[in-house]
Each structure stands twice: as structure tokens, then as C-alpha cells.
Amino acid sequence: MSDIAEPTPMGIAQATAGHRDIHQTPEAIARRQRRYRSEARFKYYGIAGIAAAISMLIVLLVSIASESFSAFTQTFVTIDVNIDQATVDPNESGDPAVIGRASFQTLANNTLYALFPDVSDRRDRRALRALLSPGVEFELRRRVMDDPSLVGQTISITVEMSDDFDQLHKGLIDRTLPEAQRRINDLQLSWYDQLVSEGLIETQFNWRFFSGANSRYPELAGIWAALVGSLLTMAVTLGLAFPIGVAAAVYLEEFAPKNWFTDMIEVNINNLAAVPSIVFGLLGLAVFIQFFGMPNSSPLVGGMVIALMTLPTIIIASRAALKAVPPSIREAALGVGASKIQVVSHHVLPLAMPGILTGTIIGMAQALGETAPLLMVGMVIFITSIPSGFTDPSTVLPVQIFSWAGNPERGFVALTSAAIMVLLTFLIVMNALAIYLRKKFERRW
Amino acid sequence: MSAQTVDAEPMAAVGQAKMTARDVDVYYGEKRALHSVDCDVIENEVLSLIGPSGCGKSTFLRCLNRMNDTIDICRVEGNITLDSQDIYDKELDVVQLRARVGMVFQKPNPFPKSIYDNIAYGPRIHGVSSHKDDLDGIVQRSLEGAGLWQEVKDRLAEPGTGLSGGQQQRLCIARAIAVSPEVILMDEPCSALDPIATAHIEELIDELRQNFTIVIVTHNMQQAARVSQKTAFFHLGELVEHNLTGELFTNPKDERTQGYITGRYG
Numbered sequence: 001m002s003d004i005a006e007p008t009p010m011g012i013a014q015a016t017a018g019h020r021d022i023h024q025t026p027e028a029i030a031r032r033q034r035r036y037r038s039e040a041r042f043k044y045y046g047i048a049g050i051a052a053a054i055s056m057l058i059v060l061l062v063s064i065a066s067e068s069f070s071a072f073t074q075t076f077v078t079i080d081v082n083i084d085q086a087t088v089d090p091n092e093s094g095d096p097a098v099i100g101r102a103s104f105q106t107l108a109n110n111t112l113y114a115l116f117p118d119v120s121d122r123r124d125r126r127a128l129r130a131l132l133s134p135g136v137e138f139e140l141r142r143r144v145m146d147d148p149s150l151v152g153q154t155i156s157i158t159v160e161m162s163d164d165f166d167q168l169h170k171g172l173i174d175r176t177l178p179e180a181q182r183r184i185n186d187l188q189l190s191w192y193d194q195l196v197s198e199g200l201i202e203t204q205f206n207w208r209f210f211s212g213a214n215s216r217y218p219e220l221a222g223i224w225a226a227l228v229g230s231l232l233t234m235a236v237t238l239g240l241a242f243p244i245g246v247a248a249a250v251y252l253e254e255f256a257p258k259n260w261f262t263d264m265i266e267v268n269i270n271n272l273a274a275v276p277s278i279v280f281g282l283l284g285l286a287v288f289i290q291f292f293g294m295p296n297s298s299p300l301v302g303g304m305v306i307a308l309m310t311l312p313t314i315i316i317a318s319r320a321a322l323k324a325v326p327p328s329i330r331e332a333a334l335g336v337g338a339s340k341i342q343v344v345s346h347h348v349l350p351l352a353m354p355g356i357l358t359g360t361i362i363g364m365a366q367a368l369g370e371t372a373p374l375l376m377v378g379m380v381i382f383i384t385s386i387p388s389g390f391t392d393p394s395t396v397l398p399v400q401i402f403s404w405a406g407n408p409e410r411g412f413v414a415l416t417s418a419a420i421m422v423l424l425t426f427l428i429v430m431n432a433l434a435i436y437l438r439k440k441f442e443r444r445w
Numbered sequence: 001m002s003a004q005t006v007d008a009e010p011m012a013a014v015g016q017a018k019m020t021a022r023d024v025d026v027y028y029g030e031k032r033a034l035h036s037v038d039c040d041v042i043e044n045e046v047l048s049l050i051g052p053s054g055c056g057k058s059t060f061l062r063c064l065n066r067m068n069d070t071i072d073i074c075r076v077e078g079n080i081t082l083d084s085q086d087i088y089d090k091e092l093d094v095v096q097l098r099a100r101v102g103m104v105f106q107k108p109n110p111f112p113k114s115i116y117d118n119i120a121y122g123p124r125i126h127g128v129s130s131h132k133d134d135l136d137g138i139v140q141r142s143l144e145g146a147g148l149w150q151e152v153k154d155r156l157a158e159p160g161t162g163l164s165g166g167q168q169q170r171l172c173i174a175r176a177i178a179v180s181p182e183v184i185l186m187d188e189p190c191s192a193l194d195p196i197a198t199a200h201i202e203e204l205i206d207e208l209r210q211n212f213t214i215v216i217v218t219h220n221m222q223q224a225a226r227v228s229q230k231t232a233f234f235h236l237g238e239l240v241e242h243n244l245t246g247e248l249f250t251n252p253k254d255e256r257t258q259g260y261i262t263g264r265y266g
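Order-wise, the sequence lines are chains F and H.
Using this note's numbering, read the first sequence as starting at 1 and increasing by one per residue.
Using this note's numbering, read the second sequence as starting at 1 and increasing by one per residue.
The reader is advised that the hints may include incorrect statements.
Said to hold, decoys possible - Facing chain H, a subset of chain F residues (Cβ under 7 Å, in silico):
id, residue
1, S328
2, V336
3, G337
4, S339
To be verified - Here are the computed lysine-lysine pairs in the DSS-like style, where the Cα-Cα straight-line distance is at most 30 Å:
id, chain 1, residue 1, chain 2, residue 2
5, H, K31, F, K323
6, H, K253, F, K340
7, F, K440, H, K107
8, H, K31, F, K258
9, H, K153, F, K323
10, F, K439, H, K113
11, F, K340, H, K90
12, F, K340, H, K107
13, H, K107, F, K439
14, H, K107, F, K258
15, F, K43, H, K90
16, H, K31, F, K440
17, H, K132, F, K440
18, H, K31, F, K340
19, F, K323, H, K132
20, H, K153, F, K440
21, H, K153, H, K132
22, F, K258, H, K90
Calculated directly from the structure, the hints in this document are not laboratory data.
Where is the CB? At the ideal position from N, CA and C, for every residue including glycine.
Hey, can you work out the whole structure from these sequences and the hints?
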């Protein structure tokens with residue numbers, strides 16, 4: 001640094017003497033090159049940072065995608081089941097109530113015993129029954145209830161294998177391990193091999209994952225109920241947070257007098273944005289559910305809680321967007337005699353809309369991934385039906401991921417990753433839609 | 001404008017006063033921006049407000065259509081009338097006042113809408129015309145009045161912000177006259193424009209004088225001399241001198257005016 005001062009007198013002397021300029025001295029050139037080098041270095045730091053971020057993102061996505069891969073297929077076995085009259089409807093009543101109560105599990109079990117007649121030991125028979133998913137019972141009942149004339153006949157059905165055999169078929173269980181360390185014993189392996197050799201086992205796309213609700217059995221579990229729950233919750237959140245947030249922002253920015261009270265509101269809104277989300281969950285539990293008696297576990301309450309959480313984000317972003325509208329536009333409108341509300345609704349709000357939408361997108365993206373406050377209002381419940389309204393008990397995607405991640409069955413590992421994929425896809429679709437809307441609004445010159 | 005002897009009450013006899021300001025004080029918070037200004041705006045005349053930066057001329061201009069209302073800390077005292085009616089009266093409708101006293105700003109500020117909508121906005125919000133044909137007529141007449149019709153008649157649906165700076169400013173003038181105001185306030189309307197566009201606007205101001213009363217703030221003394229009949233010189237929040245334009249420039253009464261117009265400060 002000290003050499004900056006030194007060349008100057010000499011440089012001036014040289015310049016006045018008509019010789020070399022002070023910017024041409026070797027020291028000056030060296031200084032310049034040092035400057036260029038430091039600029040280049042800074043650029044490389046930035047590139048390195050971005051490269052690190054991208055590589056981490058890729059690692060994350062690849063690990064989740066490869067983990068989830070096996071959840072998108074399901075192993076099925078085709079069996080011929082005799083719908084035994086004596087088991088289903090011993091009195092030949094044809095009454096659906098009687099048929100509905102029948103033990104279809106027995107039918108499935110009998111089919112298995114018939115397939116492997118050598119198995120007679122109680123323990124072995126239990127092991128044999130473990131081949132099929134418990135879903136076989138529901139599938140048989142559904143088929144017979146749909147068409148009662150099947151009673152007494154033998155039908156061929158394709159049903160899910162149980163989780164362990166599904167994993168085995170996907171190659172996720174190591175057959176070379178000692179029997180004691182495997183979830184499938186040698187006898188079960190031999191049955192499985194026999195079914196494979198008879199061509200009865202096949203892999204299909206796992207439609208149930210996209211259309212079903214939660215289940216204790218990974219082979220029967222689906223994400224659709226949680227997705228619908230998320231959609232309903234988001235709808236409530238958007239429907240509340242967007243209009244209230246924008247209205248609050250417009251009032252605070254355009255109409256509110258500037259005094260200590262509005263200053264305090266502003267400070268508190270900024271603070272609210274930083275309040276841990278679980279606190280909002282507690283508030284929802286205490287106020288919405290316990291005080292107002294709203295249905296717990298429902299998208300209505302979940303959406304309201306998340307709306308409270310999203311409001312500060314939307315208000316802050318909307319105020320910033322409103323502030324960014326040039327004052328010249330307000331003056332222009334006032335100058336031709338527009339009233340305050342006309343200035344806002346005709347000019348300021350449309351011009352601020354892209355910014356407001358950006359804030360809303362950020363808020364909604366946060367809301368979509370929010371888990372903690374929803375645990376507090378009971379949206380973590382185990383629910384096997386698809387919610388059909390805002391007051392039905394339901395769960396949401398992140399909570400579903402959370403609860404699946406805690407399940408011990410192997411199949412849930414893949415399901416968890418697959419659910420994360422669905423959540424990320426949902427997020428991307430939502431953001432893409434919002435960005436499209438924003439661009440559409442921006443096209444107003 | 002016939003030459004008359006100009007003295008203490010110089011302009012009383014000339015035309016009818018459209019707007020009058022008496023003892024006007026303006027405060028921005030604690031700071032006093034205008035000191036008891038008395039000034040008349042004569043009908044169908046152009047009044048220039050000149051003076052160095054920060055002298056209060058724009059502040060005074062913005063008092064005339066209560067544009068200062070939008071500034072929270074701004075306080076106006078004294079009496080300003082339009083056609084003998086106090087414009088700071090509590091009963092007075094500001095929206096109506098601004099429809100009667102239009103404004104053109106320093107920087108062209110067309111709405112980010114089409115040329116047509118820029119002009120039609122004022123008439124629409126005031127409900128002046130319900131028919132599309134009426135509105136088309138107003139748009140055409142306003143653009144003609146601002147000397148812009150020939151240039152934009154084939155592209156009325158295009159954005160107003162796509163025009164050149166000078167055209168944008170004339171668009172803003174057309175927007176102002178579309179509301180049929182009685183007075184038009186112009187706050188340095190040419191300061192962002194090139195000399196040719198400026199000449200255009202100056203010609204336009206001279207024509208507009210037939211139908212409107214105009215108050216213009218300008219930094220350009222040649223411009224004041226060219227376009228206005230009366231000129232008022234402001235200095236440090238005071239109205240120092242108010243006179244016929246020719247008189248003020250050739251024979252200033254106050255030495256501060258003399259100093260400013262001869263370029264000693266400002």
C-alpha cells in the first residue's frame with residue numbers, strides 16, 4: 001500500500017517532462033494486474049459456491065430418486081381363488097350384508113394351502129400366509145360384492161405380494177445371508193422360487209401409490225390422500241392469506257397514518273415472520289380447535305394455522321412491492337383527479353402485483369413444506385380414507401413423509417423417498433404456475 | 001398584453017384573476033418552505049415561476065391543486081382560491097379540484113397503458129362520457145390539442161411508454177386537457193426533453209393559453225420569457241417579484257431578481 005504514494009511525485013515529474021505517464025510505470029502495471037487477479041479470484045469463489053450448491057442438489061436428488069425408484073413398481077402374484085359357497089354365504093341367502101361379513105382371508109389362505117399342499121405345520125402355514133399382502137382380503141371382498149354371482153366359482157386374481165416378498169423380488173433382500181438374518185426363511189424362498197418358475201409373479205407399475213391412502217402395509221400405502229389433504233390445506237391458506245395479506249399491506253402502505261401505532265404494527269409483523277412455526281400450531285390448537293371447536297385434523301384448521309404463518313411473508317413482500325411503484329405514477333393519477341382508492345386499485349396494485357405474487361409464491365412454498373404446526377392440530381393422524389372436504393380428517397404431504405420415515409417396514413423407506421419426490425414435484429408445479437401467472441401480469445408494460 | 005405601468009399593485013387591472021393566493025405559508029414539518037406568498041393567476045395567461053433550486057416555486061405550484069396533501073408532514077396555511085372559492089376549505093372535494101386544476105409533471109409519467117387508455121383514463125373516472133364514441137372524440141381532441149394526434153393516430157393501442165420523451169410529455173399534456181381543466185399546472189415540463197421537443201412544448205403552451213390558464217415552473221429563463229405573460233421570481237421561500245414577464249426581465253425592481261436573471265446565482 002505504501003508504494004501508492006511513492007510513484008506519484010516521480011510520475012508527475014515524468015508526465016510534465018513529457019515522458020512516461022504515471023499509469024505506465026511498472027509499479028502501476030503490477031498494481032493493475034493485482035487488481036485484475038483479485039477480481040478474477042472473486043469470480044472463481046462465486047463460481048465455486050454455485051458449483052458446490054449444484055453438486056449438493058444433484059447428490060440430494062439422485063439419492064432420493066434412486067431410493068424412491070423401487071416404490072414406483074409393485075410385485076404382484078396371480079392366484080386362482082375358489083369363492084367357496086360354504087365360507088362366503090353358507091345359507092345361499094345372497095344377502096350382501098352376509099357376504100360382506102364373510103372371511104375372505106380364509107379363501108385366500110385356502111388357495112395358498114392348495115398351491116403348496118405339502119405345508120401342514122402350523123408355523124409353516126403362517127409363514128406361507130405371509131406371502132400375500134393383507135390387501136388380498138379387501139380385493140376379494142370387493143370383487144364378490146361387485147358381482148355376487150361369483151360365489152361358488154373360481155376366479156383368477158392378481159394381488160400384491162406382501163412387503164417382504166416385494167422387496168425380495170426387487171432384489172433388495174440378500175438371499176445369500178444366513179437364514180437367521182433374513183426376514184424371509186428358506187422355506188418361504190423355495191415357495192417364492194416355485195411361484196416365479198410357474199410365471200405367476202410379475203412386476204407392475206404401482207398405481208396404488210398415486211391413488212391410495214395411507215396403510216399400515218407399505219404395499220397398500222398411497223400418497224393420494226396426503227396430496228388431496230395438502231391441496232385442500234393450501235386452498236384454505238391461499239384463500240385466507242392472500243386477500244388478508246394484500247389488504248393489510250395496501251392499508252398499511254397507502255392509507256394508514258404514520259404514527260407510533262402503525263410503526264408498532266410494522267415491527268410486530270416483521271417479528272411474526274420469525275416466530276417458530278410450532279408456536280402457530282399451539283395457537284391453532286388452543287384457539288381454533290379448543291376455543292372455537294373446529295374439527296381437528298382438518299384441512300380447514302391446518303390451512304388457517306398456516307395462513308397465520310404465511311401472512312407476515314405476504315404482507316412484507318406486498319408492502320415492498322407497493323413501495324417500489326414509482327411515485328410518478330401515483331402523482332399522474334392524482335393529477336387527473338383520481339381518488340386515493342382509484343390510484344391504488346387502478347394503478348398501484350396492478351403494478352405491484354408481480355411482486356406481490358412473488359411474495360405469495362414464497363409464502364405458499366413455505367406453507368407447503370410446513371410440518372410442525374400441523375402436528376399440533378392433529379394432521380398427523382393415521383388416515384386411510386381420502387378426504388372429501390375441508391372438515392374431513394386428513395394429513396398433508398410433509399407430515400405423511402414424516403410418519404412414513406418413522407415406520408419400521410422396509411417398504412416405507414422407498415415410499416418416503418417417493419413421497420418426497422411427489423412433494424418436490426408438487427412444489428415445482430405450483431411455483432411454475434405462479435411464475436407463469438406473474439409473467440402474465442408483468443406483460444402490462 | 002398591452003404594456004402598462006407596473007408598480008406596487010401592477011396587475012390588478014389586467015385580466016380576471018382565476019386563482020389567488022394570499023399570505024400562503026407552507027411548512028414541511030418544522031421547516032418553513034414558503035413565507036406569506038401573495039400571487040394571482042390571471043385567466044388565459046401563462047404565469048412562469050422562476051427561481052433557484054429549493055426556492056419554493058414547485059411547492060407553491062403544488063399548493064394550487066393540493067398535491068401537497070399527499071405529503072404527510074406538509075402543512076399549508078393562508079388562503080388560496082379558485083374562482084373565489086377557497087380550495088383548502090374542508091367542504092371542498094379534492095377530486096373535483098384536481099379535475100379543474102390539472103397537472104403536468106417534470107418527468108413524463110404516462111401510465112403503463114395504451115396511448116388511448118392514458119387519455120381516456122381521466123374522462124372515464126370522472127364519468128364524463130359513457131359512450132365509446134364520445135370517448136373516442138375526447139381522445140382525438142385531446143391528442144390534437146397536444147399536437148400529438150398526427151404522430152400517434154395509427155397506434156393508439158400501443159403503450160404510451162413506448163413513445164419518445166417529448167411525445168410522452170405531450171401525451172401527459174393531452175391526458176391533462178382530456179379532463180377539461182380550467183387551469184393547467186406544469187412543473188418544469190421540459191427539463192427532461194431535448195431542445196426540439198422543448199420547442200414543441202413551448203409552442204403548445206402558447207396555443208393552450210387560448211383555452212386554459214397555465215402556471216409553469218421553469219429553470220430556463222429564456223423559456224419563461226418566451227412562453228409567459230407574467231413571471232414570478234421566488235427566492236428562499238419568498239415571492240420576491242411578480243410582474244409582466246418583459247418588465248421583470250428587462251427592468252427588475254429587486255436586486256435579488258437582478259442578480260438571478262443576470263446569472264450571478266441560482
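Against the structure, the hints:
no. : hint            : result
1   : S328            : holds, 4 Å
2   : V336            : holds, 4 Å
3   : G337            : holds, 4 Å
4   : S339            : holds, 5 Å
5   : H:K31 x F:K323  : holds, 25 Å
6   : H:K253 x F:K340 : violated, 44 Å
7   : F:K440 x H:K107 : holds, 28 Å
8   : H:K31 x F:K258  : holds, 19 Å
9   : H:K153 x F:K323 : violated, 35 Å
10  : F:K439 x H:K113 : holds, 16 Å
11  : F:K340 x H:K90  : holds, 17 Å
12  : F:K340 x H:K107 : holds, 21 Å
13  : H:K107 x F:K439 : holds, 27 Å
14  : H:K107 x F:K258 : holds, 28 Å
15  : F:K43 x H:K90   : violated, 61 Å
16  : H:K31 x F:K440  : violated, 46 Å
17  : H:K132 x F:K440 : holds, 27 Å
18  : H:K31 x F:K340  : holds, 27 Å
19  : F:K323 x H:K132 : violated, 35 Å
20  : H:K153 x F:K440 : holds, 27 Å
21  : H:K153 x H:K132 : holds, 16 Å
22  : F:K258 x H:K90  : holds, 22 Å
Violated hints, in rising order: 6, 9, 15, 16, 19; the structure is consistent with all others.
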